[in-house]
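Peer 1: Quick mapping for you: the protein sequence lines, in order, are chains A and B. Mapping the first sequence onto the working numbering, position 147 (from 1) lands on 147, and the numbers just tick up by one. Mapping the second sequence onto the working numbering, position 140 (from 1) lands on 140, and the numbers just tick up by one.
Do not rely on the hints blindly, as some may be mistaken.
What the hints assert, rightly or not - Once the Cα atoms are required to be at most 27 Å apart in a straight line, the calculated DSS-like pairs of lysine-lysine come out as:
1. Lys127/B to Lys161/A
2. Lys140/B to Lys91/A
3. Lys50/B to Lys42/A
4. Lys165/A to Lys145/B
5. Lys92/A to Lys109/A
6. Lys92/A to Lys55/B
7. Lys127/B to Lys140/B
8. Lys142/A to Lys161/A
9. Lys73/B to Lys42/A
What the hints assert, rightly or not - Sample of chain B residues lacking proximity to chain A, with all beta carbon distances greater than 12 Å (derived):
10. Lys56
11. Ile113
12. Ala122
13. Leu138
Everything labelled a hint here was simulated from the structure, so no lab data went into it. Where a beta carbon is used, it is the ideal one built from N, C-alpha and C, also for glycine.
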Amino acid sequence: MASKRRGLPEINAGSMADIAFLLLIFFLVTTTMDIDTGIARKLPPMPEEDQPEDDSQINARNIYVVLINSNNQLLVEGEMMDISQLREGAKKFIDNNGIREDLSENPEKAIISLQNDRGTSYKMYIRVQNELAAAYNELRNKAALSKFGERYNDLNKSDQKEIRKMYPQKISEAEPKNIGGNS
Amino acid sequence: MSKFKKSGNKGMPAISTASLPDIVFMLLFFFMVTTVMRETTLFVSVVTPKATEIKKMEKKSLVSYIYIGSPVKRMQASYGTSARIQLNDAFAEVGDIQEFIATEREAKDEKEIPYMTTSIKADETVKMGIITDVKQELRKANALKINYSTRKGEY
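So here's chain A without its partners, still in its complex pose:
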């Protein structure tokens, strides 16, 4: 008896590849490889009710006012400006170091005030945010290259912090006019 036993018959694994392909194609189709990217911002905390408004102490020359109206037009420091010039304008303002009378005293004091209308399109708003972020990033890169010989993103944490201290990104968004105050 024992001599005639052939053992278990082998299972045909020829179709395994087909099954695996089927699953593979399913996952290929359902996979979304989108890594979420975006512009990170921090909202200011809600003002305290009893806190008096005290933004009068900031020197007017240190504020770079950017207004966007409902037709997506820019008004920068009281003058109409095309979006393509905003980056250079902001860089000049931030990196003025007290040379020009009407621009910022130094980058640490520079504040960009951004105000938009309810009718402004989100696309335009993001474009403005992007240009302002680009202005800061370019300045930080320049400082990082001259100080450490590397681009800002390649620096280690403590060096990045140092550069960030030189060019703190201060983008302030005004309280929405038609909501604030009476809510």
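Given chain A, work out where chain B should sit, using these hints.
Peer 2: Just chain B now, kept in the frame of chain A:
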């Protein structure tokens, strides 16, 4: 000389396909691991605006999403075409956001709460009015870390 001569014309030997399943399985596992299944069905159509100065989002588990856009075609009959907010799997009003943030917070560890981010996925055609309302609600809910979701690209 005849020693090296081929004794017979055997033709091309068949390539062994025995390792094919292994290769396919390897690919399969790769895709299984990297796949992120969509958790919510979008009722609003969102085409995020383009930007160049973007950062990758860290810690996906700590991100809550707010979708803003006009309803998709099949929902337009009942919900119209004006921009609406979607939270999780349903349309929502601006007033629902604070509650939404509160529920999101409850699900997380207390230590992680300061690192929670709210991602605003808004269509590029929406007006800032609704975004401003959402931002005000987020401020009231003290969810101050936000992220405007954008695609990478030049204008």
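Peer 1: Next step is simple, just say for each hint if it's right about the structure.
Peer 2: Going through the hints against the structure:
As the CA atoms of Lys127/B and Lys161/A are separated by approximately 35 Å, the hinted pair breaks the 27 Å bound. Restraint check: the Cα-Cα separation between Lys140/B and Lys91/A comes to about 33 Å, which exceeds 27 Å; the hinted pair is violated. At roughly 20 Å between alpha-carbon atoms, Lys50/B and Lys42/A fall within 27 Å of each other, so this suggested pair holds. With a CA separation close to 20 Å, the supplied pair Lys165/A and Lys145/B stays within the 27 Å bound.
Pair hint Lys92/A plus Lys109/A holds up; C-alpha atoms about 14 Å apart against a cutoff of 27 Å. Simply put, Lys92/A and Lys55/B have alpha-carbon atoms about 24 Å apart, close enough for the 27 Å limit, and the pair holds. The straight-line distance between the Cα atoms of Lys127/B and Lys140/B is roughly 21 Å, inside the 27 Å bound, and the hint therefore holds. With a CA separation close to 15 Å, the supplied pair Lys142/A and Lys161/A stays within the 27 Å bound.
A threshold of 27 Å between alpha carbons decides the hint, and for Lys73/B with Lys42/A the separation of about 34 Å lies outside it, so the pair is violated. Against the 12 Å criterion, Lys56/B falls within the reach of chain A, whose nearest CB is about 6 Å from its own CB. No beta-carbon of chain A comes within 12 Å of the beta-carbon of Ile113/B; the shortest separation is about 15 Å. Residue placement check: Ala122/B does not keep its beta carbon more than 12 Å from all beta carbons of chain A (closest about 5 Å).
Its beta-carbon lying about 6 Å from the closest one in chain A, Leu138/B breaks the requirement of being farther than 12 Å from that chain.
Violated hints, listed in ascending order, are 1, 2, 9, 10, 12, 13; each of the other numbered hints is respected by the structure.
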